[in-house]
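Please construct the entire structure, taking both the sequences and the accompanying hints into account.
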Amino acid sequence: MSALLEIRDVSKGFPGVQALQDVDLVLDRGEVLALVGENGAGKSTLMKILSGIYARDTGTISIDGEQVEIAGPRAAQELGISIIHQEMNLLPHLTVAQNIYIGREPRVGPMLQERALRRQTQALLDEIGIRLRPTAVVGDLTVAQQQMVEIAKALSFESTKILVMDEPTSAISISETEVLFRLIASLRERGVGIVYISHRMEELREIADRVTVLRDGRYVDTRDIGEVTDEEIIAMMVGRELSAHHEDRPERQGGDAEVVLSVRGLSTRGLLSDVSFDLHRGEILGFAGLMGAGRTETARAIIGADPISAGTIYVRGEEVRISRPDQAVRRGIGYLPEDRKRHGLMLEQDVAFNVTMSSLAQVRGPLGVLRGGKARQLASSFVDALRIKTPSTRAMVKNLSGGNQQKIVIAKWLARDCDVLIFDEPTRGIDVGAKEEIYRLLHDLAGRGKAVMVISSELPEVLRLAHRIVVMSEGRVTGELANDEADQEKVMALATKNIDEGDVA
Amino acid sequence: MKHSRATFLAVAATAAFTLSACGGSSGELVEDPGAEAEAEGGSGGEEGGAEDGEYDIALVSKGFQHQFWQAVQSGAEEKAEELGVSVTFDGPASETEIDAQLQMLRSAIERGPDAIGFAALDPEACVPLYEEAEQAGIPVVEFDAGCDSEVPVNISKTDSMVAGALAAEHMAELIGGEGKVGVVAHSQINSTGVERRDGFVDKIEADYPDIEVVDIQYGDGDHLKSADIAKTMLAANSDMAGLYGTNEGSAIGIVNAVNELGMEPGEVTIIGFDSGQAQIDAINSGVMAGLITQDPQGIGRFTVESAVQVIEGEDVEEIIDTGSFWVDQSNIEDEEIQAMLYQ
Amino acid sequence: MTESQAPAKERQTSDEGAEAPPEQSTGGWRGRLGQGLQQLLAFGTLMALMLFFAVASPNFFTVSNLTSILLATAVIGILAVGTTFVIITGGIDLSIGTGMTLCSVVTGLLLTDMGLPLIVGVLGGIAFGALVGFINGFNVAVLGLPPFIATLAMMMVAQGLALVLSGVRPIYLSGVPGFQQIALGQLVPRIPNAVLILFALALVLGVVLTKTVLGRMTYAIGSNEEATRLSGINTRRWLLGIYALAGACTGLAGVVLASRLSSAQPQLGMGYELQAIAAVIIGGTSLLGGRGSILGTLIGALIMSVLINGLRIMAVQSEWQTVVVGIVVLVAVFADNLRKRRAEGGGRA
Chain A
1 MSALLEIRDV
11 SKGFPGVQAL
21 QDVDLVLDRG
31 EVLALVGENG
41 AGKSTLMKIL
51 SGIYARDTGT
61 ISIDGEQVEI
71 AGPRAAQELG
81 ISIIHQEMNL
91 LPHLTVAQNI
101 YIGREPRVGP
111 MLQERALRRQ
121 TQALLDEIGI
131 RLRPTAVVGD
141 LTVAQQQMVE
151 IAKALSFEST
161 KILVMDEPTS
171 AISISETEVL
181 FRLIASLRER
191 GVGIVYISHR
201 MEELREIADR
211 VTVLRDGRYV
221 DTRDIGEVTD
231 EEIIAMMVGR
241 ELSAHHEDRP
251 ERQGGDAEVV
261 LSVRGLSTRG
271 LLSDVSFDLH
281 RGEILGFAGL
291 MGAGRTETAR
301 AIIGADPISA
311 GTIYVRGEEV
321 RISRPDQAVR
331 RGIGYLPEDR
341 KRHGLMLEQD
351 VAFNVTMSSL
361 AQVRGPLGVL
371 RGGKARQLAS
381 SFVDALRIKT
391 PSTRAMVKNL
401 SGGNQQKIVI
411 AKWLARDCDV
421 LIFDEPTRGI
431 DVGAKEEIYR
441 LLHDLAGRGK
451 AVMVISSELP
461 EVLRLAHRIV
471 VMSEGRVTGE
481 LANDEADQEK
491 VMALATKNID
501 EGDVA
Chain B
1 MKHSRATFLA
11 VAATAAFTLS
21 ACGGSSGELV
31 EDPGAEAEAE
41 GGSGGEEGGA
51 EDGEYDIALV
61 SKGFQHQFWQ
71 AVQSGAEEKA
81 EELGVSVTFD
91 GPASETEIDA
101 QLQMLRSAIE
111 RGPDAIGFAA
121 LDPEACVPLY
131 EEAEQAGIPV
141 VEFDAGCDSE
151 VPVNISKTDS
161 MVAGALAAEH
171 MAELIGGEGK
181 VGVVAHSQIN
191 STGVERRDGF
201 VDKIEADYPD
211 IEVVDIQYGD
221 GDHLKSADIA
231 KTMLAANSDM
241 AGLYGTNEGS
251 AIGIVNAVNE
261 LGMEPGEVTI
271 IGFDSGQAQI
281 DAINSGVMAG
291 LITQDPQGIG
301 RFTVESAVQV
311 IEGEDVEEII
321 DTGSFWVDQS
331 NIEDEEIQAM
341 LYQ
Chain C
1 MTESQAPAKE
11 RQTSDEGAEA
21 PPEQSTGGWR
31 GRLGQGLQQL
41 LAFGTLMALM
51 LFFAVASPNF
61 FTVSNLTSIL
71 LATAVIGILA
81 VGTTFVIITG
91 GIDLSIGTGM
101 TLCSVVTGLL
111 LTDMGLPLIV
121 GVLGGIAFGA
131 LVGFINGFNV
141 AVLGLPPFIA
151 TLAMMMVAQG
161 LALVLSGVRP
171 IYLSGVPGFQ
181 QIALGQLVPR
191 IPNAVLILFA
201 LALVLGVVLT
211 KTVLGRMTYA
221 IGSNEEATRL
231 SGINTRRWLL
241 GIYALAGACT
251 GLAGVVLASR
261 LSSAQPQLGM
271 GYELQAIAAV
281 IIGGTSLLGG
291 RGSILGTLIG
301 ALIMSVLING
311 LRIMAVQSEW
321 QTVVVGIVVL
331 VAVFADNLRK
341 RRAEGGGRA
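Chains as they are written, first to last, in the working numbering: chain A, 1 to 505; chain B, 1 to 343; chain C, 1 to 349.
Quick caveat, the hints were computed from the structure, so don't treat them as lab data.
Don't be surprised by glycine CBs; every beta carbon is placed ideally from N, CA and C.
So these bits of chain C aren't anywhere near chain B, every CB distance computed over 12 Å: (1) Gln39; (2) Leu40; (3) Leu49; (4) Leu51; (5) Val55; (6) Pro117; (7) Leu118; (8) Gly144; (9) Leu196; (10) Lys211; (11) Thr212; (12) Glu226; (13) Ser286; (14) Gly326; (15) Val328.
Okay, derived cross-link-like pairs now, SDA-like style, lysine to any residue, Cα gap no bigger than 20 Å in a straight line: (16) A:Lys490 <-> A:Glu461; (17) C:Lys211 <-> A:Leu378; (18) C:Lys211 <-> C:Gly241; (19) A:Lys161 <-> A:Ala123; (20) A:Lys389 <-> A:Gln18; (21) B:Lys180 <-> B:Ala241; (22) A:Lys389 <-> A:Asp216; (23) C:Lys211 <-> A:Leu360; (24) A:Lys374 <-> C:Thr212; (25) B:Lys180 <-> B:Asp207; (26) B:Lys180 <-> C:Val316; (27) C:Lys211 <-> A:Leu370; (28) C:Lys211 <-> A:Arg376; (29) C:Lys211 <-> A:Arg371; (30) A:Lys374 <-> C:Val208; (31) B:Lys180 <-> C:Ala315; (32) C:Lys211 <-> A:Gly368; (33) B:Lys180 <-> C:Pro58; (34) C:Lys211 <-> A:Gln362; (35) A:Lys374 <-> C:Val207; (36) B:Lys180 <-> C:Gln317; (37) C:Lys211 <-> A:Leu367; (38) A:Lys490 <-> A:Leu463; (39) C:Lys211 <-> A:Arg394; (40) A:Lys490 <-> A:Glu474.
The structure is reproduced here in structure tokens:
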């Protein structure tokens with residue numbers, strides 16, 4: 001019996017670059033196939049060909065042994081291919097039911113049949129085992145729940161037999177991931193073939209049967225997941241062995257270093273309650289916790305991006321009032337947001353523009369006239385220092401890879417010479433090789449006396465980086481661990497601690 | 001300017017008032033400046049409304065920003081005082097605001113005056129409201145421009161076709177019966193714009209075969225736009241003999257164009273329409289050959305008089321031509337002309 | 001998390017950015033070339049129009065008519081140059097038309113009723129414009145009102161105030177010595193001063209936009225306001241400055257207008273804002289913010305005047321003139337979109 005999906009020798013070129021070269025991919029019924037590769041390896045291009053957004057140059061695509069032409073997204077849907085994109089495509093103001101059946105609503109003449117729509121949606125959700133109300137407004141749901149809606153939408157097409165999931169867990173918590181995995185398992189039982197794109201090795205091991213690796217637009221290999229080690233997969237992805245210092249963990253810092261940032265009793269109206277901690281010079285302080293625990297909110301409250309209802313912030317022992325981000329920056333506190341594309345970068349502007357954004361005072365002449373040459377010099381010194389891969393300081397930032405974009409945000413704060421750097425998910429969406437570089441950079445920064453706060457949802461990352469770890473749950477600090485006394489279990493225990501029960505009772 | 005104006009100190013106070021006026025209909029604005037223009041300082045208490053025994057007549061004009069309408073208003077108020085009746089005077093901020101004007105007419109009907117006087121910006125849009133007025137038993141007289149309806153009793157207006165023809169006669173005489181002329185009109189929709197243009201063009205075509213109307217363009221009565229239009233006409237026709245502007249803004253636009261081009265007074269014959277200080281100056285300086293003026297105060301007077309006659313059940317003439325007059329350097333100082341040079 | 005609520009467009013660009021390999025990221029110069037291309041395109045359009053009209057009518061390409069075109073561009077051009085800043089921040093200013101009128105009335109009052117010296121009247125009008133702009137900026141940046149609504153309200157307030165302050169009648173300024181020279185004097189033979197003012201303003205503001213911190217902040221806020229704020233920039237303060245600058249241009253336009261008409265006409269102005277905005281868009285400035293140039297705006301304003309002048313010279317009916325200008329705006333926006341899509345396609349490759 002032929003495979004469910006068979007891609008053979010597919011190539012795709014864009015002006016100036018060969019995005020895919022002779023790529024193969026085979027997916028069986030009821031199989032979860034992991035598709036991995038660094039950013040730029042061609043995963044998304046391949047998936048866009050599969051979903052009919054791009055047309056391939058050469059090669060064949062067969063479904064159930066029959067060669068097919070995928071003329072467009074609609075044709076892909078008709079062939080049974082559904083794609084759940086990394087960034088979701090839902091309409092936040094509509095309900096779950098309205099989103100799932102958008103454009104296909106049951107109707108009588110021009111009149112929509114809301115009740116029939118709800119019933120139909122409920123039946124679908126029951127069938128695939130998703131517990132959501134059809135009438136819930138999508139904007140009110142968690143990211144994971146929205147993901148479920150996307151999946152339900154994909155499966156609402158009777159014909160769906162191939163499901164592509166592009167980094168579905170990048171924005172959801174561990175417990176929610178488990179729900180997702182259970183759903184994937186049940187889909188697999190129904191014979192749906194799933195292409196699963198992710199950077200997270202643990203996840204792939206948990207759910208995938210086989211793994212296909214792409215590198216620089218070329219097919220590398222496909223292996224049974226049980227037969228390869230993480231190191232082998234990574235080696236295939238990056239084309240070289242990574243120095244395997246995964247086990248290095250930072251030494252405990254001497255507690256005598258100067259306290260640079262001290263937070264006491266920080267609270268906000270919505271979430272934070274009595275958050276207190278100290279950050280020392282030369283230290284990396286990790287912030288762990290589940291989604292919604294209040295880590296990003298803590299960072300935003302410190303820098304004055306959101307209003308606080310109570311609390312005091314001390315910088316080098318001096319009490320400061322910070323109600324706007326520019327005041328935080330004047331105190332030497334820089335924030336690298338979680339969503340760097342939306343909050344950290346001007347994607348349509350060039351590298352020099354972004355790097356010098358916070359330090360224009362240094363490149364400004366009389367009457368506020370900018371010295372272009374000096375600005376470029378400043379930018380290029382950081383491009384070199386951080387080894388940012390860009391054709392020039394005039395390149396538009398949106399054309400750089402995730403890792404290099406992140407480095408540009410870092411360069412922005414280094415140019416400003418901030419003492420306190422708050423990194424919010426510094427490696428999200430960044431490929432494995434670049435991750436290592438960011439880690440090294442953070443260590444260098446701490447080594448040079450910066451005080452670094454790192455918020456991360458990936459426990460191994462926190463354990464790997466931080467000298468000390470602050471764990472938050474439901475807007476409060478539930479514990480603080482030195483690196484050498486921390487492990488995943490202890491952190492998870494603190495992260496899931498339900499404070500209300502403990503405190504209030 | 002002799003009239004009292006709000007000083008800068010009053011800006012803050014009036015700002016709030018203006019805002020509220022803009023939010024609803026700009027008609028509320030009218031009371032204030034109108035009253036200011038009339039009686040120095042005595043603005044506050046004149047909210048229209050009949051005192052006991054007086055007839056209450058609501059006039060809704062096409063606007064109030066042009067001096068023309070203020071002259072209509074003053075004529076109306078003069079007559080009202082003479083006859084012992086009370087009038088209110090409303091109008092939209094600009095002559096393109098047909099909707100706002102209808103809103104004012106509706107408000108007037110709801111107030112239930114003894115008679116309504118109306119000058120239609122649009123001849124069709126007012127028809128249904130006229131029927132409402134009829135049902136409410138409020139007689140309607142018209143002034144300046146009418147509505148396509150059987151409801152109104154009469155209209156007091158300048159016969160614009162006659163006025164346009166009068167302009168054509170003088171143009172022909174001044175340019176010696178031959179040559180190219182251009183028309184800068186203020187509207188191709190409302191009846192005065194159309195009739196002043198057609199009256200002029202028809203007369204030229206009928207009686208002066210050697211005169212060619214080479215171009216007709218519309219500047220919305222905007223001085224700047226009209227100036228730019230006139231300049232292009234002169235650029236396109238270096239032998240242009242005369243230009244005719246169908247209202248004050250159009251005519252002043254032509255005058256500005258000629259000044260900006262550095263042409264000698266009289267190099268091209270300019271005939272204007274209506275009145276206003278700038279046109280009077282232009283005539284005195286010789287840049288403008290002359291203008292056609294109406295008798296806006298007369299319009300106001302006849303309108304109020306008709307209204308009162310209708311209320312009292314008397315017969316009135318269906319169309320009252322309040323007349324149009326040629327003004328040039330020779331007669332501009334005459335007393336009877338001066339009375340019509342609303343400014 | 002609010003990720004799911006991100007506007008679809010933004011999301012799409014993020015998507016593409018992630019997948020682009022750094023080695024091929026030629027989009028920088030390509031994008032830059034695109035911007036230059038847009039201006040080149042606009043300039044080419046301008047030249048083509050002039051050529052067309054010159055062939056179509058012998059009366060078009062005369063010194064006197066070209067001067068008329070430049071003069072006809074002055075007022076709209078000054079408004080457009082100022083409002084380019086606001087549009088690059090991703091905002092819009094609908095109050096510039098009636099705001100201009102209000103400023104001309106203020107200048108008129110200062111010079112006639114108050115009898116103040118010429119320079120006070122002129123600077124007073126400009127300062128009043130800056131104040132109006134500052135209030136717009138306050139409403140947008142501090143009170144957080146959407147620019148469309150805030151300036152729509154200001155448009156009406158300004159219209160009303162112009163009528164109130166003037167007593168609903170024109171203020172004649174022919175009696176003020178030297179006032180008409182501001183717009184119509186000729187420091188350079190055959191070129192009215194209003195035109196010089198427009199070009200000088202465009203030159204100065206072109207430098208401000210490309211070479212100063214204020215300009216940099218204009219682009220930054222338009223590219224990503226939140227990222228700018230989180231970069232430690234007091235975006236409110238800069239927005240206030242930007243709106244005030246645009247307002248000062250409105251004031252200048254008011255003075256030039258009054259000078260040219262030798263009077264302040266309180267009923268003028270409505271609709272001028274849309275012509276100015278159209279000029280900005282024809283010049284390649286994006287209504288979404290983050291992109292645009294003063295040179296483009298200047299060319300855009302000239303395209304509009306040349307077009308209208310040429311159509312009038314050819315005695316095309318007014319109503320058709322409006323239709324043609326509307327189509328040109330559509331084509332300009334379409335061309336811009338096309339260019340942008342191509343630049344992005346190139347970046348993705």
